[in-house]
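Q: Listed below, chain by chain, are the residues.
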Amino acid sequence: MSGNHAIGEAAVRAGCRFYFGYPITPQNEMTEYMARRLNEIEGGVFIQAESELAAINMVIGASMAGARVMTSSSSPGISLKQEGISFLCAMELPAVIVNMTRGGPGLGNIAPAQSDYFQATRGGGHGDYRTIVLAPSSVQELADLTMEAFNLADKYRIPTVILGDGMLGQMMEPVEFPDGEMQKPPPKDWTITGARGRPSRFIRSLLLDPAVEEEHNWKLARKYERIAAKEVRYEAYRLEDAKMVVVSFGTAARIAKGAIKRLREQGLKVGLLRPITLWPFPEIVLKDLAKRIGHFLVYEMNAGQMVEDVRLALEGRAEIFFYGRPGGVVITPLEMSRVITSKYYQKGLG
Amino acid sequence: MGFQKVFGRPRALKDAPFHYCPGCGHSIIHRLIAEVIDEMGLQEKAIGVPPAGCAVLAYYYFDIDMGEAPHGRGAALATGLKRVLPDRLVFTYQGDGDIAAIGTAETIHAANRGERITVIFVNNGVYGMTGGQMAPTTVLGQETTTSPGGRERIRDGFPLNLSEMLALTKGSAYIERTAVNNPKNIMKTKKAIEKAFRVQIEGLGFSLVEVLSPCPTNLKLRPVEAWRWVEENMMDVFPLGVIKDVQRD
Chain A
1 MSGNHAIGEA AVRAGCRFYF GYPITPQNEM TEYMARRLNE IEGGVFIQAE SELAAINMVI
61 GASMAGARVM TSSSSPGISL KQEGISFLCA MELPAVIVNM TRGGPGLGNI APAQSDYFQA
121 TRGGGHGDYR TIVLAPSSVQ ELADLTMEAF NLADKYRIPT VILGDGMLGQ MMEPVEFPDG
181 EMQKPPPKDW TITGARGRPS RFIRSLLLDP AVEEEHNWKL ARKYERIAAK EVRYEAYRLE
241 DAKMVVVSFG TAARIAKGAI KRLREQGLKV GLLRPITLWP FPEIVLKDLA KRIGHFLVYE
301 MNAGQMVEDV RLALEGRAEI FFYGRPGGVV ITPLEMSRVI TSKYYQKGLG
Chain B
1001 MGFQKVFGRP RALKDAPFHY CPGCGHSIIH RLIAEVIDEM GLQEKAIGVP PAGCAVLAYY
1061 YFDIDMGEAP HGRGAALATG LKRVLPDRLV FTYQGDGDIA AIGTAETIHA ANRGERITVI
1121 FVNNGVYGMT GGQMAPTTVL GQETTTSPGG RERIRDGFPL NLSEMLALTK GSAYIERTAV
1181 NNPKNIMKTK KAIEKAFRVQ IEGLGFSLVE VLSPCPTNLK LRPVEAWRWV EENMMDVFPL
1241 GVIKDVQRD
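Chains as they are written, first to last, in this note's numbering: chain A, 1 to 350; chain B, 1001 to 1249.
Note that these hints are calculated values from the structure, not bench results.
Certain hints may be false.
[Said to hold, decoys possible] As a list, the in silico DSSO-like pairs of lysine-lysine whose alpha-carbon atoms are at most 27 Å apart: (1) A:155 with A:223; (2) B:1184 with B:1014; (3) A:188 with B:1014; (4) A:287 with A:347; (5) A:155 with A:243; (6) B:1045 with A:184; (7) B:1195 with B:1220; (8) A:230 with A:261; (9) B:1045 with A:188.
Let's have the full structure, built from the sequences with the hints guiding it.
A: Structure follows, in structure tokens:
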């Protein structure tokens, strides 16, 4: 199954019956899958919107009505959705948003890239907000994290972003889905469904009084703190005796892992830390590693974005190197192992 | 001798004083919508979508469920609501800048899909809340803060007849333009809102009522003069009447 199809199927199994999208490469297979799949299911609704703006606003409406809802796009389209993502955060509405990142800025190209890290982890729209950002590195993980994304979105009433790339979306790998139906989403006592047998409700983001808006911002900030305390996910690979840590996410982490496997056979003590949640970022894990390891090599498919979070986490406690290949360039594990090897020996670790 | 109550606040309006300027049409249009909701027994089924603009605070006044839309996106947001809850009455309430400038695409495509939603489009020819800038429906010669000397066709383009454009879409079922400049037109507006809601409930397609409404503050006119201004300056460009009715045509 391709990554794009796996996300679609996982969403359906997570109880998502509403999908609003707009064509853009390299995620079209997901939109097409949802069109086909949601038409087969009773109660399924697929709309090909007139724009990404319209799609994200349909998501807002469906979320207000209490539905599990998803949209997907790729970099330029995600830029257009940022207005809506800011509103989703302000109004505390759950939704799942998939970004199969491509090379940028501008139209860029349709090759795999990680250049939307800042946009995803800093809340790419206006205002003071965060979204949960999940970064899978295999098709199986795309499926698992898509289901998880719906649970997290509902649990915290927050839009959750799945940050993949063109390679993950197109890649074919076997996928296992859990047996049986997913658990139902929690009951929601805040939706607008018509005021039957209860007082009327409204959902809004306009808070004209600065004191009220400030309190709303602090309320959101406290929620983000709870998420940061509870929801950090990462993979640690061969770190037990490592002298150097490679920090990478998504497709880049997969390439780095291949290189590390090869280098371990040659006796180099290198390990991998792969953040699975890009926000919240596993900064405490990094801090702990820096107590015993002095060298960190950050590899990203961009010109240096997550490396800033690594610097913030390590606060000068260790030496940080960066290797980046922006623009949609995908390197081989062999190239990565050369990069690691040269730093490893240059620093006298071997 | 007993007294009989002949006039009161509709149940679908909360007991809250409107913030609208004296002579503004919004308060009248709010009341008309609330009366129709009461009379059709829809208070527990109605979901309203207020816009960015003067009517953004509509949820302080309507005693029904409401969900605020980003500027111009009402029709898309209402599409999401209605598709999840097809048996509810979903309506947007939008101004001319909201619907005919920034939200043109969302509105045309919702109409073209035949979304079973109703749009109440309040056309006062000006951006009210931001302080009187030129709207897509500002008429030629009309002075605004961003059309100094009056809207000029070479520089500023023409007023946009969005309702006529929407009538061309195959998915629209009922479109009428009314006004709230005198009691007769106010009663016609109420009938049009009722008809638009019925069209939605019967699943016929997209329905819209455009209401010409005065903005005395930004026209810098007294309320009565503003009513007259709407009649004398807007109705030639935006003629009143049924623009499309699939049940009649």
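Q: Now, for every hint given, state plainly whether the structure supports it.
A: Against the structure, the hints:
1. A:155 with A:223: holds (11 Å)
2. B:1184 with B:1014: Holds. Residue 1184 of chain B to residue 1014 of chain B sits at ~26 Å (cutoff 27 Å).
3. A:188 with B:1014: Distance of about 24 Å is within 27 Å: holds.
4. A:287 with A:347: Judged against 27 Å, a Cα distance of about 21 Å means the pair holds.
5. A:155 with A:243: Roughly 39 Å between the alpha carbons, so the hint for residue 155 of chain A and residue 243 of chain A is violated.
6. B:1045 with A:184: At roughly 25 Å apart (the allowed maximum being 27 Å), residue 184 of chain A and residue 1045 of chain B satisfy the hint.
7. B:1195 with B:1220: Violated, at roughly 34 Å.
8. A:230 with A:261: Not OK: residue 230 of chain A and residue 261 of chain A at ~31 Å, beyond 27 Å, violated.
9. B:1045 with A:188: Roughly 18 Å separates the two Cα atoms, so the pair holds.
Violated hints, in rising order: 5, 7, 8; the structure is consistent with all others.
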